[in-house]
Structures are given as structure tokens and as C-alpha cells.
Amino acid sequence: MATGNPIVILAGLQGAGTTYQLHPLSRHVLETAFPTAQTVPSIFVGYPSKEDFERLHGPLWKQIAAMLTGVPAEQLPGGLVIREPRNGREHQVI
Amino acid sequence: MPKVNHLYTGAAGQAAAMSEFLVRGYNVAVPEVDRGDDLFVVKDADGDFNRIQVKTANARLLKKIGYIATFSISISQLSEPTTPELFYVLVVRNGTAWSDFMVISQGDLLSEHLRYQVGTRSGDNVLLRLNFRPDSVRSGSRDFQIYRGNFSHWPALLH
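Protein chains in written order, with the numbering used here: chain A, 1 to 94; chain B, 1001 to 1159.
In case anyone wonders, no lab produced these hints; they're calculated from the structure. The C-beta atom is built at its ideal place from N, Cα and C for all residues, glycine as well. Please note: incorrect hints may appear among the correct ones.
Among the chain A residues that face chain B by a calculated CB cut under 8 angstroms, a handful are [claimed, not checked]:
{"hint": "1", "residue": "T19"}
{"hint": "2", "residue": "H28"}
{"hint": "3", "residue": "S42"}
{"hint": "4", "residue": "P85"}
{"hint": "5", "residue": "R89"}
Sample of chain B residues lacking proximity to chain A, with all beta carbon distances greater than 12 angstroms (derived) [what the hints assert, rightly or not]:
{"hint": "6", "residue": "N1005"}
{"hint": "7", "residue": "D1034"}
{"hint": "8", "residue": "F1049"}
{"hint": "9", "residue": "Q1053"}
{"hint": "10", "residue": "Y1067"}
{"hint": "11", "residue": "S1076"}
{"hint": "12", "residue": "G1107"}
{"hint": "13", "residue": "Y1116"}
{"hint": "14", "residue": "N1125"}
{"hint": "15", "residue": "N1150"}
{"hint": "16", "residue": "F1151"}
If you want the ones that stay clear, here's a sample from chain B, every Cβ over 12 angstroms from chain A, calculated [as the list claims (entries may be wrong)]:
{"hint": "17", "residue": "F1021"}
{"hint": "18", "residue": "A1029"}
{"hint": "19", "residue": "A1045"}
{"hint": "20", "residue": "S1072"}
{"hint": "21", "residue": "I1075"}
{"hint": "22", "residue": "H1113"}
{"hint": "23", "residue": "R1115"}
{"hint": "24", "residue": "S1141"}
{"hint": "25", "residue": "Q1145"}
{"hint": "26", "residue": "R1148"}
{"hint": "27", "residue": "A1156"}
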């Protein structure tokens, strides 16, 4: 992933919620840019059904990114994208 | 050892992996319908469970020392994070014995593939080729020894 590309968070949609995980290449970028940032490996956020994914989670994506990266979302180099690996859909957040 | 249909080899490897969890005191459940998760490993005391994908390969002996085993892993399964996290148990059959169990999380394997170019793409799969020596396991230039027999996520339980 070249410098200037957005930070990518992978989103695995399951029946009761979605698991968020930082893309390995984005993790590498952030480890270099913010070596002391405190991160978590993944986050699970529930929802009543998959149809609620964007509506309920969309407003939370910046907070989720901050927890996964240890960095406020606005400081992420190149912006932020939420990617659903199953179908390739991407949600531009920043 | 006569050549056995790969379905039997896979089933045997799954049973071997189950045995490794059972002997550590964890219960094991097998889904009725195969939808990608081979096993569920359950800690009976508190209900914690993990999803396990077992892959089995026959060792191919090298001329001097060691052997190679190749595993095919679905890229779509590898790319998608889940809760609980998926673990891969890669089982190697060498002649008449199970010689190795490689235990690696989805996150770690995805990182190895994307960040360090471990494995090669073949259609919808990643072919992971592992080179086994007595004191090392490597895939290309990457050291996989830390995953060898590493069931540390499931410490032995006292019942």
C-alpha cells in the first residue's frame, strides 16, 4: 500500500454484528507513523440485523477507527475507508 | 503408506486436530453442515469458544533433510474478520504419523500474506507452502516456527 492511500479497516458482517480489523498494510503504515499508539486487534459491534449495518455503524466508524488505530480518525494519513471483504464494498469515511 | 483419497486424509486430519484440543481439556463440536468452519472448540467452564479451520497435507520429503507441505486456503475466508476469531490448524501427515500442527490465527496469516507476500494466489485460494526442518519452519523468507505446535491460546485445563 503506497503512502497517500487511505487507511483501510476490514469489516466482516455477521448475523449479530460486525467484526472490524485493521488491514495489515494499514497497520504497517500506522506502526511507522505512530509507533507508540495503543491499539486493539479487533472490535465487534452488534446490530439487530445486517440491514442495520450502515445506519447504525456508520456514525460510529470514526470511533471504531480510533480504537483500532490508537489515533484520532482525523489524523489518519490518507483518510479512512471501511471495506467489506466479502463483496468488496467500500465506505469512504474521511 | 498407500495413497488415500484426499477426503479421507482431510477427515483424518480433522480428527487429529480434535484430539489435540480434547487432550487439553476443551470440548469440540463439529458442525452438521460444512459452511467453512471445521470445528468449534469450547471451554466448558465458561462457554468461551473458538472457530477452527483444519487443513491437512501430506509431507513431501526433501532429498537431504526435512519436508514440504502445501495448504490451500480460501482468500475470502482469510480476508474476512470474524468474532470469535478464526484459527487455522494446519496438520501434516508424514508417512505413518502426524508430524506437525501449525496453529495460526486469521489475523496473523492475513498479515503474513498481505504484508510479507507469504503464499501464492491460485484462483480464489492462497497456496501456503511450508518448509519443515527439525528446528525451523519457513515459508519463503518468513519464519513460521512460532506457530509450530503452538496451542498456547488453549492452555491445558484442570477438570
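Confirm or reject the statement that B/G1107 sits farther than 12 angstroms, beta carbon to beta carbon, from all of chain A. Violated: least Cβ distance 6 angstroms, not greater than 12 angstroms.
Can you verify the interface hint for A/T19: is its Cβ closer than 8 angstroms to any Cβ in chain B? Because about 4 angstroms separates A/T19 from the closest Cβ in chain B, which is inside the 8 angstroms limit, the hint holds.
Would you assess whether B/A1156, listed as outside the interface, keeps its beta-carbon beyond 12 angstroms of every beta-carbon in chain A? Label holds. Min Cβ-Cβ 24 angstroms, cutoff 12 angstroms.
Run the C-beta distances from B/S1141 to all of chain A and say if the shortest one exceeds 12 angstroms. Non-interface label stands for B/S1141: nearest chain A Cβ at 16 angstroms, farther than 12 angstroms.
Consistency of the no-contact label for B/N1125, given chain A and a CB cut of 12 angstroms: holds, 15 angstroms
Reported absence of B/I1075 from the contact zone with chain A (all CB gaps over 12 angstroms): Its Cβ does come within 12 angstroms of chain A, the nearest being 9 angstroms, so this is violated.
Should the label of B/S1072 as a non-interface residue stand, given a Cβ cut-off of 12 angstroms to chain A? holds, 18 angstroms
Chain B contact restraint for A/P85 - C-beta distance below 8 angstroms: holds, 4 angstroms
Beyond 12 angstroms from each Cβ of chain A, as asserted for B/N1150: holds, 17 angstroms
B/Y1067 remote from chain A - nearest C-beta pair above 12 angstroms: holds, 29 angstroms
Would B/Q1145 pass as off the interface with chain A, using Cβ distances and a cut of 12 angstroms? holds, 20 angstroms
Examine each Cβ of chain A, and state whether all of them lie more than 12 angstroms from the Cβ of B/F1049. Since the minimum Cβ distance to chain A is about 14 angstroms, B/F1049 lies beyond 12 angstroms and the statement holds.
Violated hints for the displayed structure, listed by number in ascending order: 5, 11, 12, 13, 21, 22, 23.
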